[in-house]
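Protein chains: 2
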Amino acid sequence: MDTLTAIHTRRSVRSYTPEPVSEEEIQTLLEAAMTAPSAGNAQPWTFLVITDPGLLARTPSVNPYAGMAAKAPLAILVCGDLTAEKYPGFWVQDCSAAIQNLLLAARSIGLGSVWTGIHPMEDRVAKAKDLFRLPDHLIPLGLIVIGRPKGEQQHANRFAPEKVRRNIWQD
Amino acid sequence: MDTLTAIHTRRSVRSYTPEPVSEEEIQTLLEAAMTAPSAGNAQPWTFLVITDPGLLARTPSVNPYAGMAAKAPLAILVCGDLTAEKYPGFWVQDCSAAIQNLLLAARSIGLGSVWTGIHPMEDRVAKAKDLFRLPDHLIPLGLIVIGRPKGEQQHANRFAPEKVRRNIWQD
Numbered sequence: 030m031d032t033l034t035a036i037h038t039r040r041s042v043r044s045y046t047p048e049p050v051s052e053e054e055i056q057t058l059l060e061a062a063m064t065a066p067s068a069g070n071a072q073p074w075t076f077l078v079i080t081d082p083g084l085l086a087r088t089p090s091v092n093p094y095a096g097m098a099a100k101a102p103l104a105i106l107v108c109g110d111l112t113a114e115k116y117p118g119f120w121v122q123d124c125s126a127a128i129q130n131l132l133l134a135a136r137s138i139g140l141g142s143v144w145t146g147i148h149p150m151e152d153r154v155a156k157a158k159d160l161f162r163l164p165d166h167l168i169p170l171g172l173i174v175i176g177r178p179k180g181e182q183q184h185a186n187r188f189a190p191e192k193v194r195r196n197i198w199q200d
Numbered sequence: 030m031d032t033l034t035a036i037h038t039r040r041s042v043r044s045y046t047p048e049p050v051s052e053e054e055i056q057t058l059l060e061a062a063m064t065a066p067s068a069g070n071a072q073p074w075t076f077l078v079i080t081d082p083g084l085l086a087r088t089p090s091v092n093p094y095a096g097m098a099a100k101a102p103l104a105i106l107v108c109g110d111l112t113a114e115k116y117p118g119f120w121v122q123d124c125s126a127a128i129q130n131l132l133l134a135a136r137s138i139g140l141g142s143v144w145t146g147i148h149p150m151e152d153r154v155a156k157a158k159d160l161f162r163l164p165d166h167l168i169p170l171g172l173i174v175i176g177r178p179k180g181e182q183q184h185a186n187r188f189a190p191e192k193v194r195r196n197i198w199q200d
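So the protein sequences, as listed, match chains A and W.
One rule links them: number in this note's numbering = place in the first sequence (from 1) + 29.
One rule links them: number in this note's numbering = place in the second sequence (from 1) + 29.
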């Protein structure tokens, strides 16, 4: 799928068919995510691939907006690895770029996904660390829920001219 | 360009030909950036499009790793707009997703780009606010320098199996 088409038809997909996501598709998503840019190319990220139905059923306890995970075939928890940073504090940007690559890769191979936020909400961070038994140096940033979309995704263009200025902001 | 090709051949490009970037291309980049997902669809971002040669020449003063801006035809400063957030604290993730869309859109239309970091380094934030005359509610996150690449971009795949686990991290 063309890049600009994927960017403009990537929508949050919260309803999935019962079909599983293949191991080859999971690999495609992870390769896309890990090829994102990062500060100093530190790649300060880790990926927990959640496919166990019992665990997926418990996953909505982490985030009240992640209810769709209970009926999804796949979720991927993206965490920052604070021990891997070269430039402290950039891990959120690095992991977010990785997530956006993952969402676009999913769209391009016919999967639907939704990014549900964890960090910086401390209660969600604590619940995710407990449920998935994360060590202290991994900070859960986002839970990406993935499956085969039930419907079609419409084209979106959120361009807003008032959010753009030229050269100097105040003039 | 195919989405996965753009993801895997997007490399940091720091050397550009003298050709300008067209207004149509700038529009394509901004539309892609603004169609990124954001927490609560708040779209808490703004974009300063820098094309003035005198200002581009002064731009490296913001970040010691942004020297290439002095000879680039275009830079886009992506800022978080704290007044637009619905879920406070998510603006870094939202703006980073927008930047990644912008980088991939650039790659897909034959432009090269590099993401140079500003926030959370306070000295860079202060210098960018001063140079570009940003109001208090706009926080500069990243300066994206853009132009026509002088060389070819090689395929990259940074997949690292040790960064992936299944279902439970510690077991």
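One or more of the hints may lead you astray.
No copy is singled out in the list; a pair is fine if it fits within one copy or between any two copies.
Straight-line alpha carbon distances no greater than 20 Å define the calculated SDA-like cross-link-like pairs of lysine to any residue that follow [unchecked claim]:
no. : residue 1 : residue 2
1   : K115      : G83
2   : K192      : R87
3   : K158      : R187
4   : K192      : T80
5   : K158      : I138
6   : K115      : F188
7   : K179      : E48
Hints in this document: simulated from the structure, not taken from any laboratory.
Since we're looking at a predicted model, the values are computed, not measured.
For a quick check of understanding: which of the numbered hints are violated here, in increasing order? The structure breaks hints 1, 2, 3, 5; every other hint is satisfied.
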